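For the sequence shown, UniProt numbering assigns the number 1 to the initial residue and increments by one for each residue that follows.
Don't read these hints as lab results, they were simulated from the structure. Take the hints with a grain of salt, since some may be wrong.
Calculated pairs, BS3-like style, for lysine-lysine (alpha carbon to alpha carbon, straight line, at most 25 Å) [what the hints assert, rightly or not]:
hint	residue 1	residue 2
1	LYS60	LYS97
2	LYS58	LYS125
3	LYS170	LYS138
4	LYS97	LYS27
5	LYS170	LYS293
6	LYS293	LYS386
7	LYS58	LYS27
8	LYS374	LYS386
9	LYS293	LYS225
10	LYS296	LYS373
11	LYS170	LYS59
12	LYS138	LYS169
13	LYS125	LYS59
14	LYS138	LYS105
15	LYS27	LYS169
16	LYS293	LYS306
17	LYS58	LYS169
18	LYS105	LYS125
19	LYS97	LYS59
20	LYS184	LYS169
21	LYS169	LYS59
22	LYS256	LYS374
23	LYS27	LYS138
24	LYS256	LYS296
25	LYS256	LYS184
26	LYS60	LYS27
The structure displayed is predicted, hence computed values, not measured ones.
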Amino acid sequence: MDYSSYPRNDVLCIDMRSFYASVEAVKRGLDPMTVQLAVVGDLSRSGSIVLAASPTLKKKHGISNVSRFFELPRDRDIIIAPAHMADYLQVSMEITKLINQYVPKEAIHQYSVDEVWVTVNGLDKLFGSRWQVANAIKQDIFESFGITCSIGIGDNKFLAKVIMDLYAKKHGVAECTYEDVREKLWPFPVQEIWGIGRRMQRNLNRMGVVTLGQLAEFPLKLLTKRFGIIGEQLYWHAWGVDLSPVFGNFTKMEQKGFGHGISLLRDYSANETAICILDLCEEACRRARGANKVGKTIHLGISYAKETGGGFSRSQSVSLPTNITMDMYDVCMQLFNEFYDGFSDIRHVYVTLDNLHEDAETQLDLFDNRPKKKDIGYVMDAIRNKYGSTAILRATSYTDAGITIGRSSKIGGHQA
1 MDYSSYPRND VLCIDMRSFY ASVEAVKRGL DPMTVQLAVV GDLSRSGSIV
51 LAASPTLKKK HGISNVSRFF ELPRDRDIII APAHMADYLQ VSMEITKLIN
101 QYVPKEAIHQ YSVDEVWVTV NGLDKLFGSR WQVANAIKQD IFESFGITCS
151 IGIGDNKFLA KVIMDLYAKK HGVAECTYED VREKLWPFPV QEIWGIGRRM
201 QRNLNRMGVV TLGQLAEFPL KLLTKRFGII GEQLYWHAWG VDLSPVFGNF
251 TKMEQKGFGH GISLLRDYSA NETAICILDL CEEACRRARG ANKVGKTIHL
301 GISYAKETGG GFSRSQSVSL PTNITMDMYD VCMQLFNEFY DGFSDIRHVY
351 VTLDNLHEDA ETQLDLFDNR PKKKDIGYVM DAIRNKYGST AILRATSYTD
401 AGITIGRSSK IGGHQA
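Work out the full structure: start from the sequences and follow the hints.
Below you can see the structure in the form of structure tokens.
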């Protein structure tokens, strides 16, 4: 592979080690790297997920981010902390501000709350080589927040991310250039490479592709024929090539749709699910109105409880684009009544309003007072914006099946 025609940048991928658990440990004056601490989403539910485990807890008891509360061993040395999402977001923002002291905002691409790409091109005279910049940022984060991070260095975002996952989490800082791909990346199984999930792993394994090196040697035409543009991306990633932009406004993206979903805390009946659907439609339409958008396609997704399994996902287009809650709700209930099996308990509900258009005009209907319905929605939004999200609610939201009140105090589905 001749890499001379591909861009080379100085890209860092920075990952905060066990971020939520580290923040909770520092709040308690403890060492995040030695304490046994687990952050649990909801302490009132034995099946609640462990959002983060400290490195020592992971190593000693094998606890991971997919473990459940009830799986935590009975060990007096283990500290169990409830999630405080507002604290984690605040620390994440402060870390980003710290990184902004090294590079401009357009060089920072926030990937998640605890992970960020940073392009450090041209900092040689100020801070030294990209290795020196990485170590300076790593030390600065530790001294300012008491949090240890892992940093991958690469010629592009993909190489920085993968080398961080495979090497830096063990060694602190690691680097991968184009020329290092064969030696450092090719021996690894495909499932350990960022961007390749279980389903893709199974598909590749059936084709005789087990390692990244085998993926790189697989004919590009066959990969493209089998997987389309994803196959082409897999091929070039296997060679370490990634043309993703390393500068720009990475936060401003065109809104494709407005969706809301929830994993229910208990099994819901059909009648209770109808109330849940109404709350979700209210929130989706509120966001659409806030963006001055209307949607023409309405989607409903339902997952049943584990005992029965399954569910359905269906969508329907409407003749007039809408952001009226009851319009969306009526379509969702039509889909629900048509495809629900009639007996299964329900544990997950998701609604989406997409195929968006500008809400510039309202087409009149002789048999339906649409302007009045829209005005009601905008008035309710104005009240909520001024007095809080629960200042005005539908009566059903106050029932046991309502979800709006419970969600109002959460961030990302977890306690703020």
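Would you check the hint for LYS170 and LYS138, treating anything up to 25 Å between C-alpha atoms as holding? 14 Å, holds
Sort out whether LYS105 lies within 25 Å of LYS138, counting only the CA atoms. Since the Cα atoms of LYS138 and LYS105 sit roughly 18 Å apart, the hinted pair holds (cutoff 25 Å).
With the threshold set at 25 Å, check whether the alpha-carbon distance from LYS293 to LYS386 stays at or below it. Answer holds: LYS293 to LYS386 is near 21 Å, not above 25 Å.
When you check the alpha-carbon spacing of LYS105 and LYS125, does it fall within 25 Å? 19 Å, holds
Mind checking the alpha carbons of LYS170 and LYS293 for me, to see if they're no more than 25 Å apart? 47 Å, violated
With a cut-off of 25 Å on the C-alpha distance, tell me whether LYS170 and LYS59 pass. 12 Å, holds
Holds or violated: LYS97 with LYS59, Cα cutoff 25 Å? 32 Å, violated
LYS374 paired with LYS386 [C-alpha distance capped at 25 Å]: 19 Å, holds
Does LYS169 lie within 25 Å of LYS27 when you go C-alpha to C-alpha? 23 Å, holds
Please work out if LYS60 and LYS97 have their alpha carbons no farther apart than 25 Å. Since the Cα atoms of LYS60 and LYS97 sit roughly 34 Å apart, the hinted pair is violated (cutoff 25 Å).
Given pair status - LYS184, LYS256, alpha carbons within 25 Å: Distance ~38 Å between LYS256 and LYS184 Cα, so the pair is violated.
Pair hint outcome, LYS58 versus LYS27 [Cα-Cα no greater than 25 Å]: 20 Å, holds
Checked against the numbered hints listed earlier, the structure breaks hints 1, 2, 5, 9, 13, 16, 19 and 25; every other hint is satisfied.
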